[in-house]
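Participant: Sequences listed follow chains A and B, in order.
Sequential numbering from 15 applies to the first sequence in my numbering.
Sequential numbering from 89 applies to the second sequence in my numbering.
Read the hints as simulated data drawn from the structure, not as lab findings.
All C-beta atoms in this analysis are idealised placements derived from N, C-alpha and C, irrespective of residue type, glycine included.
To give an idea of the interface, some chain A residues facing chain B are shown, with a C-beta separation under 10 Å as derived from the structure: (1) 111; (2) 119; (3) 121; (4) 132; (5) 139; (6) 143; (7) 251; (8) 258; (9) 293; (10) 300.
Rough simulated footprint, nothing fancy, chain A against chain B, three-plus residues with beta-carbon under 8 Å: (11) 204–216; (12) 219–231.
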Amino acid sequence: MVLPNRMDLALQQLVNGLTVGAFYALIALGYTMVYGIIRLINFAHGDIYAVGAFLGLSLYGLFAVLHVTNPVLTTVLGLVVSMGCTGLIGVLLYRVAYRPLLHARLSILISAIGASLTLEYGLFLIYSPSFLVYPHLFGRAGPPLGGVEVSWLQVLIFVSSVALMGALYLLVHRTKIGMAMRALAINQDAARLMGIDVNRIIAMTFFLGSSLAAFAGVLTGLYYSQISFLMGFLIGLKAFTAAVLGGIGNIPGAVVGGFLLGVLEGLAAGYFSSRWKDVVAFAILIIILVVRPRGLLGERVVERM
Amino acid sequence: MIASNGRAFSPPRLALVAAVVLAAILLPIVGSAYLVDVGTLVLVYIMLGLGLNVVVGYAGLLDLGYAAFFAIGAYTTAILMTQYHVAFWFTLPAAVVCTAVSGVVIGTPTLRMRSDYLAIVTLGFGEIVRIAATNFTFTGGPEGIYDIPHATIGAFVVRSPQALYVLGLAFVLVVLVGSYNLARSRLGRAWLAIREDEAAARAVGIYPVYYKLMAYVLGAIFAGLAGSFFAVKLTAINPSSFTFIQSVTILMVIILGGMGSLPGVMLAAAVIVILPEALRAFDQIRMFAFGIGLIVLMLARPQGLWPSRIGQIVRRTVVLSEASAAAGGAAGGAPTGE
Chain A
15 MVLPNRMDLA
25 LQQLVNGLTV
35 GAFYALIALG
45 YTMVYGIIRL
55 INFAHGDIYA
65 VGAFLGLSLY
75 GLFAVLHVTN
85 PVLTTVLGLV
95 VSMGCTGLIG
105 VLLYRVAYRP
115 LLHARLSILI
125 SAIGASLTLE
135 YGLFLIYSPS
145 FLVYPHLFGR
155 AGPPLGGVEV
165 SWLQVLIFVS
175 SVALMGALYL
185 LVHRTKIGMA
195 MRALAINQDA
205 ARLMGIDVNR
215 IIAMTFFLGS
225 SLAAFAGVLT
235 GLYYSQISFL
245 MGFLIGLKAF
255 TAAVLGGIGN
265 IPGAVVGGFL
275 LGVLEGLAAG
285 YFSSRWKDVV
295 AFAILIIILV
305 VRPRGLLGER
315 VVERM
Chain B
89 MIASNGRAFS
99 PPRLALVAAV
109 VLAAILLPIV
119 GSAYLVDVGT
129 LVLVYIMLGL
139 GLNVVVGYAG
149 LLDLGYAAFF
159 AIGAYTTAIL
169 MTQYHVAFWF
179 TLPAAVVCTA
189 VSGVVIGTPT
199 LRMRSDYLAI
209 VTLGFGEIVR
219 IAATNFTFTG
229 GPEGIYDIPH
239 ATIGAFVVRS
249 PQALYVLGLA
259 FVLVVLVGSY
269 NLARSRLGRA
279 WLAIREDEAA
289 ARAVGIYPVY
299 YKLMAYVLGA
309 IFAGLAGSFF
319 AVKLTAINPS
329 SFTFIQSVTI
339 LMVIILGGMG
349 SLPGVMLAAA
359 VIVILPEALR
369 AFDQIRMFAF
379 GIGLIVLMLA
389 RPQGLWPSRI
399 GQIVRRTVVL
409 SEASAAAGGA
419 AGGAPTGE
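Using the sequences and the accompanying hints, generate a full structural model.
Facilitator: Next up, the structure:
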């Protein structure tokens, strides 16, 4: 194997970073939407992503039993069904663990930690304490781009994620539901007075965020080809970092933050040491919170008393 | 130890306190080595719980990376004892200094932030410390540090489970008296005021950042002492003792006990240690049950098993200040937590 030259290494890490960044961005959207509306850091969101990945794995198993083998068909079905089911689990989570505690800030955060542990160890009990292997549907082949290795799967991840983010943007800015969400984010009481069903819109937000996470979960399974019940913990933290980096509560911010964090981490892993790449992410989080807590694209937030 | 509150001397409460004290004294005399060992672990969690209680219970700051300070204390003692052959007692001031300094370093920039951001930053800090301990060579990497010498008192080596238990008990007494007095000091009243209503506290001249930093640093020091004891108790430490789950477990001790409540923290530490030991066969569902338990507890009894009487103290203070016609009612409009 020929050692890649400096430029190729940078490009390669850029490609890998954009792939991981797509995952961060998809998960960060869930954090940012929920935070924007009810000011809750949904600790269990990373685990919702893990639930999506495990549901996807079960679906692939089911398709294999049913002799449905077309990789495109199974992947599309797996993604859609997993997104739907995970979305409902997200709504259930909101109903059970968060809704009764909306006005108790410390209690709701602790309840979220409890929800995170419940989901993690629920997966541990239902599936397996060890790594599970995802089907290997897409080879390493990809478009010819000189010295940089890009697989079709990476192209698929990038393009579909960006398309989904575009769709979300349109939903939030061009539909009535999106308008209701934005109204809620500005002033919940005023929104209620305008006849908006606040609980339904919050539930809808949880549904959307959770399905985006499930989408990322299934694609992660395909990309890394293995999943574990704790897979959501670290990536959840990093996606939150991405949301804060872009400005929490801000949808384009989450996308920018996700891709930026992915690329920075990729470059840190390539030029520095992959053992320290997690430290890079957390250091970025702390620095951003200290220096510019509103993030790159965020507006000024006032501490609610 | 008991407050000048008449209720504290009610016979059932006094009997309970006497029973607990008696059990704590009798355990090393009559208990098996295994029981004494479990008892010592309870003492470690009491120390950690009391320390985190200062941060979360008294000052109302949610810290999700508390195990980091536990780790810093343990590693300070372990490194000084194995590499530099310092006696255990002299590593304690070093552990205090190291944890206090790291508390100041991480606290100074972060304590001004929104409270839920603080939770995330402390979580990130906890992970950074753990990853650093895993990656550095002077901390022994993933294997950690082993062959840590025992503590000595003169010629006596604290090695047997009973001796370790008594040493642990001494540590707990120091921490217990310390946190009891802290709650009733000027510092403690300032924390209470900030926790209940930061704007009102600011209005009467309490500078929140300073007092929050004090709580954070004192909590860190408590964890550092617990870590030093932990290092000589186990004589081997590695990064897996200082994970996020460890931070959550300590947090659970104080939530279960009722935030701000000293007897509650001690009771909960015993429950958290003994329950999994008793349920070893059900190890698989332990964390799952923990998760569900946390949600149920928050929904059903957010004040914990043995809630703090601080709420009553606030009410009393408010009544007193109204009686003396002090303007404002500054000590807190909302008498209960949250």
